[in-house]
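Just so you know, the sequences run in chain order A and B.
All residue numbers for the first sequence refer to our numbering, where the first residue is 1 and numbers rise by one.
All residue numbers for the second sequence refer to our numbering, where the first residue is 377 and numbers rise by one.
Since the hints were derived computationally from the structure, they do not count as laboratory data.
The calculated DSBU-like cross-link candidates involving lysine-lysine, where the alpha carbons are at most 35 Å apart (straight line), are:
#  : chain 1 : residue 1 : chain 2 : residue 2
1  : B       : K470      : A       : K9
2  : B       : K672      : B       : K546
3  : B       : K572      : B       : K559
4  : A       : K135      : B       : K672
5  : A       : K212      : B       : K470
6  : A       : K220      : A       : K137
7  : B       : K572      : A       : K9
8  : B       : K559      : A       : K137
9  : B       : K559      : B       : K672
10 : B       : K672      : A       : K220
11 : B       : K672      : A       : K137
12 : B       : K546      : A       : K137
13 : A       : K137      : B       : K626
14 : B       : K559      : A       : K220
15 : B       : K678      : A       : K137
16 : B       : K678      : A       : K135
17 : B       : K626      : B       : K546
18 : B       : K672      : B       : K470
19 : A       : K212      : A       : K135
20 : B       : K676      : B       : K572
21 : A       : K137      : B       : K470
22 : B       : K470      : A       : K220
23 : A       : K135      : B       : K470
24 : A       : K220      : A       : K135
Take a look at the letters that make up each chain.
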Amino acid sequence: MIRNKINTKYLISLGVSVLLAFLVGALILLCTGRNPLRAYGAMLSGAFSNRRHIGDVLEYAMVLAVCGLACDLGSRVGIFNVGGEGQLLLGAIAAAQVGAALDGVTAWAVIPLAALAAILTGALYALIPGVLKVKLKVNEVITTIMLNTVAAYLCQFLAKGPWRSSDPRMVAATEELSPRYWFGGLMGASNLSTAIFAAAIIAFLVWYVMQKTTPGFEMKLTGQNPRFARFSGLRIDRKIILCMAISGAMCGLVGMFRVFGAEHQYKSSISSDYYFEGLMVAMIARYQPLTTILLALFFAVLKVGAEGLQQVGVPNQIYLIIQTVIIFFMAAQSGFLEAAAANPRLRRLLSGRKKPPAGADPHTGAEPDEKGGAAQ
Amino acid sequence: MNGSKDIFSTIFSAGTFQMMLRSATPVALAAIGGSMTEHAGIMNIGMEGMILMGAFFGVLGSFLAQSAFAGLALALLVGILAGLFFALLVVRYKSDEFIIGCALNTFAIGLTTYLARNYFPGDASGNPNLPELNLAFLDRIPGLRVINHQSVLVYLTWIIVILAWLFVYKTPYGFWLRASGEKPDTLRTAGISPKKMKWIASVLCGILCALAGAHLSLGQLQGTFTDNMSNSRGFIAFACVIFAAAHPGKAYLAALMFGFFEAIGLRLQGFVSSDLTGMIPYLITIVMMVYVVVRKQRRKMKNE
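The following block holds chain A by itself, in its conformation from the complex:
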């Protein structure tokens, strides 16, 4: 498991990983006959060239950050919420349907009710794996993955069937919301809406509770040493279930933000594995809230910038390659450094010494199983 620490060593390895990932990306671009410098230039201008793109960057950063924080919250207490995608979709469709069904009612009632619907569906859907994990020790990663697919099918069924839009051009979408319920747009034609303020408040609260309060510390204890936490009198079962529910509620809210802020109805573009990208951001950030938010911004720049690649004729999926290569490097780095430390020649190289230290200290060498493995 990745150690939960943000320090200089982390920052250096992050920097190196990002650099190496861009190199790998450049290599792939070169191999397929593209100019990497031109492509990366197009990426940069794709993200910042005009207000619309900047707005889209911020909107996507919001989605990634809230999803990533939802993942942080679960992993802090030792439960891994992989089901955010399903919670997000269900939250979105519930909010969209509330908005469509209450058409005509004042926005002051519709928006809170839609938010409530999104929070409840997200939280309830997260409770299933949470309770199964705590009460029966059923692996939450597998149940949440299964529930993601179930939710995707359910939403598709609802959007094609009972809740289908009256617009015959839309095959799988709910009724479009009346414009008076829309969140105000902030950056011209971009997807950015006032939802970002709500997201900022949520992000601040999560950061504050996790890092600065007693419950936050108890959560950490629950995740890192559940036995100790239990013997100290913490009700860890309740904590885990609660965190899972809040994590689900946050994902549901992201769905509502997407509906009321950007798409104005439930359709397939609400999310294409956005939660998974948020989860990857959280992984790279080692489940630290502040780092998650900052990295969410970084990856949003990459993602929106990648749209600019299309204009110079480069497929934008290079973005996914770069993002995942960063993860490969980050996840492997502690093991890699360990292995390098065990290898006398590499260790010399890394420490910059020219001669091997006389009588190298055997205790810093490989672990016994490392040697056993190598000997085979």
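Given the structure of chain A, go ahead and fit chain B onto it with the hints provided.
Chain B only, in chain A's frame:
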């Protein structure tokens, strides 16, 4: 009632079983691969990505060499590489297998879609595909008609199931494989490296997932690659592994069940939404997992 009779005759028709066999095959191949890593104590979420890469490189090889078997060979090569890469990160560098699996899936989407845009600007279809079995005498036997006219990998899968079962339960390697997941320390004491077994398991999984992908693109879709065509089959395979407790034969049966629900989903589109029938296998998996866990706990309580 006339309607319900229609439904039943559609569900239990030869066409359904043919479709079931076809769509179960890629899931079954991947699930057998996943059984290997599961026995070695690795939770392999990355099968989805391995299948997708197998599917793409199968079509790429088939397109470049204009031969489906060259495509199959390229897919297998990439499968081996993917397995080695997975083992390098997870076994050698002790990264979190879940993180690597997740990243591998996304990486595969990125890589295959990017390369597909490069090599197949229009659409990647009509490439040489794997042959189908065509034995005339099978058509004459009433019950066996459904097993004729399938892509060769469908039949190869049956052999692989038996081989995998023999490997896992009847050879010393299989014994070591299971021990590397359950009792690594004991295995080490016996002089066998658990890490080596994990490497072998990952590479086998890579190969089988690549076969699954190649069947998907070169067999089932006759030489066509579409974006993200593995379409959660890796996760379904993963469910099968859990469902079958990593037993290759049971994993094949579990895959058949998934194939059955996929087939009736397609066949019953006029009666029930395929979105509703589609979610049944996933729900069953969750119920099965709960059942397996509860049963295990009961047994433990009895023993104590």
